[in-house]
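Asks: Listed below are the residues making up each chain.
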Amino acid sequence: MKRSSYIVLGVVSAIFVLSWVMKSMSLSEVDDSIMQGFLLTVSAFLTLSIFSFLYKDNPFYKFAEHLFVGVSAAFWMCQGFWSTLVGNLIPRVSESLSGFFMVPYQPGSFNFHYWIPVILGLLLLMRLAPKGGWLSRWPLAFIVGTTAGLNFIKYLRSDFIDQVSSTFVPLLGDETNKWTGVGDFFSNLSLSADSQFVALLANWVIFVGVFSGLVYFFFSKEHKGVFGVGSRVGIWILMITFGASFGYTVMGRISLLVGRLTFLFRDWLGLIS
Amino acid sequence: MRRFVPLAITFIVGTVLILSVFIPPAQDLNRTFTLYFDIIAVFAFFLGGGNLLRVHINKLRMKKRDWQFSIVTLSGFLIMLAAGLFKIGNPGDIATAVDAEGSMFQTVFNYVLNPLQSTMYSLLAFFVASASYRAFRAKNREATLLLIAAFIILLGRTPFGLMLTGWIPESFSILQVPNLAMWIMNSPNLAGQRAIIIGIGLGVISMSLRLILGVERSYLGDDNA
Amino acid sequence: MPNLGVIISLSVIFGGLAWLAYRSIKGYEIDRRVIFVFIGIAVSAPLLFPITFEEKATPIVERLFNRIDELPAGSRVLISFDFDPAMAPEVQPMANAISRHCLHKGHKVIFMSLWGTGQSLMTAALANDILPGFPEKKDGRDFVNIGYKAGNEGVLNIIVSDFRKMFPTDVNGVPLDSTEVFDGIESCKDLDLIVALGGGRPGPKEWVLFVGDPGNVPIGVGVAAVVAPQLYPYYPQQIIGILGGIKGAAEYESELIKRHERFADMPTPGLRMMGPQTLAHMVIMFFIIIGNVVFFMTGRKKVI
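Protein chains in written order, with our numbering: chain C, 1 to 273; chain L, 1 to 225; chain S, 1 to 304.
Cβ pair distances, simulated, as ranges: (1) C/V8 with S/V12: 25 to 31 Å; (2) S/A73 with C/Y55: 51 to 57 Å; (3) C/K178 with S/V12: 51 to 57 Å; (4) S/A73 with L/I200: 37 to 43 Å; (5) S/I25 with C/S28: 52 to 58 Å; (6) C/W179 with S/V34: 55 to 61 Å; (7) C/V226 with L/N51: 51 to 57 Å; (8) C/M25 with S/R33: 30 to 36 Å; (9) L/L60 with C/S13: 23 to 29 Å; (10) S/A73 with C/V226: 54 to 60 Å; (11) C/S28 with L/W167: 51 to 57 Å; (12) S/G27 with L/P169: 41 to 47 Å; (13) C/V21 with L/I200: 53 to 59 Å.
Below 30 Å or equal to it, Euclidean Cα-Cα: the simulated DSSO-like pairs (lysine-lysine) are: (14) S/K137 with S/K165; (15) S/K105 with S/K138; (16) L/K64 with C/K62; (17) L/K139 with C/K221; (18) C/K131 with L/K64; (19) S/K56 with C/K178; (20) C/K56 with L/K64; (21) S/K105 with S/K258; (22) S/K105 with S/K137; (23) C/K224 with L/K139; (24) S/K26 with C/K56; (25) S/K138 with S/K165; (26) C/K131 with L/K59; (27) C/K56 with L/K59; (28) L/K63 with C/K56; (29) S/K56 with S/K258; (30) C/K2 with L/K63; (31) C/K2 with C/K56; (32) L/K64 with C/K2; (33) L/K59 with C/K62; (34) S/K138 with S/K189; (35) C/K2 with L/K59; (36) S/K189 with S/K105; (37) L/K63 with C/K131; (38) S/K26 with L/K139; (39) S/K165 with S/K189; (40) S/K138 with S/K258.
Simulated from the structure, these hints should not be mistaken for lab results. The C-beta atom is built at its ideal place from N, Cα and C for all residues, glycine as well.
My request is simple: use the sequences and hints to build the entire structure.
Replies: Rendered as structure tokens:
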């Protein structure tokens, strides 16, 4: 390590200790204030370590990043173990283990078949073994088969049939804006947000937009002539869609930053209430 | 054997799950297979953890670049694992939730995992801003449309949009930015997203069929694995 | 009347942007870290010197609010916390507001999660933010926390027809049969409303595909802004209302305060976040304008 690295490490350590002491003092009315002060300081240190990446990649960022990977993997393992293995498997396969884990035993004459996912699960772990990795294809095949079987029906119903059916919207008046003739339509023509014209325009855009969007995604025919016009309209609709998504993405990312800065200013520094 | 068994498993499970929708007595089999799936999913978490251990222990042993940080990963992993599996500091008995308030597991989640993950994603706010400045250009008609839509949404989703265009009379109120933003979301955005959803839906349906019928086999890898 | 801190912050930000515009037009290279500093200040200033705005619920938010408001007391509502810390700043305010609303209306609330991280966030939120406001509510009688199960949409595929097969007990090992909330509930089909909060997979979309549509159960969603536009095609046929991002949360909070006196003094993180949100949006719009002005001034060639 370079001399400058030692200096940076020393300064950061000093700030850490100072923050811990000050935070503990400010939380003196709370039980376990020293521990709370330490935990809040650790949180702030990790937050700032990640933010330090904005300047450039550095050991503090790498530390935080590596810690995240390790803690995260163990977190999911523990949640999975307690919630599903202890919560759903053990009550079906072992009375004594159910007693040990204090979960209500669910006896059943054919419960022995619940060992099948255990065997498949263990075969999945064969992927880590130097030999016999091919056995992990069996549980993988089960996962793929289940996902395919479940998704086939659900996507067909909700994302295809229902979506296509919702696209057939009234193009001349609907329940709230009844069509009463061309004369009425033009005499009441208005650009008010809840006017008939705006509502109908929205329905036209939906109807034309969905079909032209699908035309754009259809690559088995050259995009020329009428088909080309449809495809062109399709890409315009998609561009507006992506623009809207970009706007929302910006909004989402800013919210996350607000969340973190709120933590730093309120919980750590106590600058805001 | 190496290919036939997995293909048969996929076919049987996939077919049963599809048929169970049409044959009510088979619905119990549907639920049982799905429960198997949920249990195997936990073993997938174990596989992830095991793989992480293997990679980082190898990195340590071979003294690869940045091997020191592998100690951090392994320590974090083992501490969290111990805290969770042994329910260290859990206020209740063994049946109490692993993440009960006050447990070491929940404390590490609140003060380590939570700030790490949320800050990691909040970095994107800075990169989005930088991209807006450097790359978001009205280079052609399509890009201009994208830009205008984004602009209206950005403005319309804040109170500033109404402040700026609130003076527009009621008979033209669709031109008020918040109303225009709402209209874009409910109309062109809906149309575009629906076209994408239908496209993806068709893709999922055809891919599911290919997998169940054994036409698509890439998930099996090669025979040397 | 804005205070001095607000005026100084705005002057710094917009003065800085003017300087940035000048430098860019003159053709100077702008370091990315300068942009980062602007965003940092734009978000920090309204946090330190709060700027608050009035919010009014849009129809898409109001529809979900009204549904929860109009359900008779004792209705069974399931709230699913399907998010992680990366989405929490946006989704947690919605989760808190909707949970409070349901408990206040006397609904029997089932809390669950399809994400392991969601369960931990839910535990913390229930203990620190939601339940302290309802000391009269009893676990098992008025609400129940059934926690997380692994398996993503596999979990949904089971509970749409059989709750107890997937969740034999609540999060603390108490059998569901011994809880009052689950009296008469066999599956999701017996619920009056499901509110799915999230933004990833599994999340609101999976709730619609695997529970809402096949089980014919009304579903309302609260999602991270990134995902919100993708859910509009499901509204209003398959989803009864959408809270999109922090703006959706702010709208819901404002409606809750307006319509229910009890919540007049409740914490409103969503509404508070709209100040920084607004200023940051404006700064980003300025970035886009400056970038494009430079682009057109340099004959559409210049890449900053």
